[in-house]
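Participant: Given next are the chains, with one letter for each unit.
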Amino acid sequence: MNDRQAFEDRVLPHLDAAYNLARWLLRSEQNAEDAVQDAVIRALRYGHALRDGDAKPWLLGIVRNTCFTLLARARNGPDLVEFDDEAFQSQIQQAAPAEHGNPEDVLQRQRTRVRVDAAIRALSPALREVIVLREFEDLAYDDMARIIGIPIGTVMSRLSRARDKLRQALSVDPQGQ
Amino acid sequence: MNPDDQALSRQIKDHGTRYTAPDSLRAGLRAHLALATALRPEPPAPATRWARWRARWAALPQQSAWRHSLAGFAAGALVVGTLLPVVNHLRWDEPQEAELVSNHVRALQIGPLTEVVSTDRHTVKPWFQGKLDYAPPVMDLSPEGFALLGGRIEHLRGNVVATLAYARNRHMIDLYVWPSATKSVQVQATRRGYNVLHWSDGAMQYWAVSDLDRRELEHFTQLWRERVAAQ
Chain S
1 MNDRQAFEDR
11 VLPHLDAAYN
21 LARWLLRSEQ
31 NAEDAVQDAV
41 IRALRYGHAL
51 RDGDAKPWLL
61 GIVRNTCFTL
71 LARARNGPDL
81 VEFDDEAFQS
91 QIQQAAPAEH
101 GNPEDVLQRQ
111 RTRVRVDAAI
121 RALSPALREV
131 IVLREFEDLA
141 YDDMARIIGI
151 PIGTVMSRLS
161 RARDKLRQAL
171 SVDPQGQ
Chain R
178 MNPDDQALSR
188 QIKDHGTRYT
198 APDSLRAGLR
208 AHLALATALR
218 PEPPAPATRW
228 ARWRARWAAL
238 PQQSAWRHSL
248 AGFAAGALVV
258 GTLLPVVNHL
268 RWDEPQEAEL
278 VSNHVRALQI
288 GPLTEVVSTD
298 RHTVKPWFQG
308 KLDYAPPVMD
318 LSPEGFALLG
328 GRIEHLRGNV
338 VATLAYARNR
348 HMIDLYVWPS
358 ATKSVQVQAT
368 RRGYNVLHWS
378 DGAMQYWAVS
388 DLDRRELEHF
398 TQLWRERVAA
408 Q
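Each protein sequence line maps, in turn, to chains S and R.
Residue 48 in the numbering used here sits at position 48 of the first sequence, and the numbers go up by one each step.
To convert, count from 1 in the second sequence and add 177; that's the numbering used here.
Read the hints as simulated data drawn from the structure, not as lab findings.
You may find that some hints are simply not true.
Label-pair distances were calculated between CB atoms; the ranges are [to be verified]:
id, chain 1, residue 1, chain 2, residue 2, range
1, R, 187, S, 153, 22 to 28 angstroms
2, R, 308, S, 9, 41 to 47 angstroms
3, R, 306, S, 171, 30 to 36 angstroms
4, R, 187, S, 102, 18 to 24 angstroms
5, S, 157, R, 319, 32 to 38 angstroms
6, R, 405, S, 46, 47 to 53 angstroms
7, S, 102, R, 283, 27 to 33 angstroms
8, R, 288, S, 140, 26 to 32 angstroms
9, R, 324, S, 109, 42 to 48 angstroms
10, R, 182, S, 151, 19 to 25 angstroms
11, S, 153, R, 310, 40 to 46 angstroms
Virtual Cβ for every residue (Gly too), placed ideally from N, Cα, C.
All chains, please: the whole structure from these sequences, using the hints.
Facilitator: Written as structure tokens, this is what we have:
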């Protein structure tokens, strides 16, 4: 019982981070939810591997591997992950918190959000994950390296490639700053 | 970090969507964790065999000579005493093929087949660090047509077992690896249409499970053995 409490206390605070990563990698709400659930259950099984380390990169590593397994399977067989871009677009609109102020500003902010999201979404999963881990989750390079299972140098080079692509995508329309 | 990167970071943080976990997920997980703890199976009582013998003896008719039954009981106890560790040892050392096949099938049906996804053995091997108390060898046999997909950890009979996944065309191969000093006999078996091959090199023991045909699976295990020997 105490084990479980300790597990909940350490792991569940990172559920938003876990979901955000899965949501960006899998692009569907339902698949992301399933993947995170699956990952946390697996985390519980390997809870003993956590010991004293930071639970966040540890959990994100499991989530990340779960997502890539799903993605790999979706490539091999058509039956698992369906990409629903339109639902995604409407999600973006919904996800935007109610904003106050000048309607023109609000519209502009919403446009920017759609553009930034679309640029991230256009990245390959390998580049998308470094952006999500770095920019949304503020993870250190060595944590990212451990999560993805690549050397730190590769993390840096992927990050710089991802940033180049994002800058390129975002600079097409000079309005969207 | 150059100023360009900083501006981009700002833009992503300010304008990108950071999703938050839906309440349904949070609630579902709490319920699952509570249930998982409640349902966690008790470790099996080690005395069942012993108890069965005792019950059998107790069931004997009272008329049978008291001395005989005592002698028989002692003999029985001796047999159990000597056999139990052996049987236990066998059970721990060699999970039956059927269990491995079930595990393999479940990994294919429900997953995950791989918890670390990589064709690079230098990514897969370090992934096991800290998760196991041994370092399983990982071989890349892609030049020979057996592509490394990644690895995962399985729990078999209370042991933590490194599992490597390979693909041969559309066929999946699971290779279960755990330490064992005994050089056991090679085992070949077919369960529910899956081929199981087992060998041991005195440091690790290996179980390969796949729906590949026997000869190809043998080729795979042969390559593995050569690689390990060459190390």
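Participant: Compare the structure with each hint and give your call.
Facilitator: The hints, checked one at a time:
| no. | hint | verdict |
| --- | --- | --- |
| 1 | R:187 / S:153: 22 to 28 angstroms | holds (25 angstroms) |
| 2 | R:308 / S:9: 41 to 47 angstroms | violated (22 angstroms) |
| 3 | R:306 / S:171: 30 to 36 angstroms | violated (42 angstroms) |
| 4 | R:187 / S:102: 18 to 24 angstroms | holds (21 angstroms) |
| 5 | S:157 / R:319: 32 to 38 angstroms | violated (24 angstroms) |
| 6 | R:405 / S:46: 47 to 53 angstroms | violated (27 angstroms) |
| 7 | S:102 / R:283: 27 to 33 angstroms | violated (57 angstroms) |
| 8 | R:288 / S:140: 26 to 32 angstroms | holds (30 angstroms) |
| 9 | R:324 / S:109: 42 to 48 angstroms | holds (46 angstroms) |
| 10 | R:182 / S:151: 19 to 25 angstroms | holds (20 angstroms) |
| 11 | S:153 / R:310: 40 to 46 angstroms | violated (30 angstroms) |
When the structure is compared with the earlier hints, violations turn up for hints 2, 3, 5, 6, 7 and 11 and for no others.
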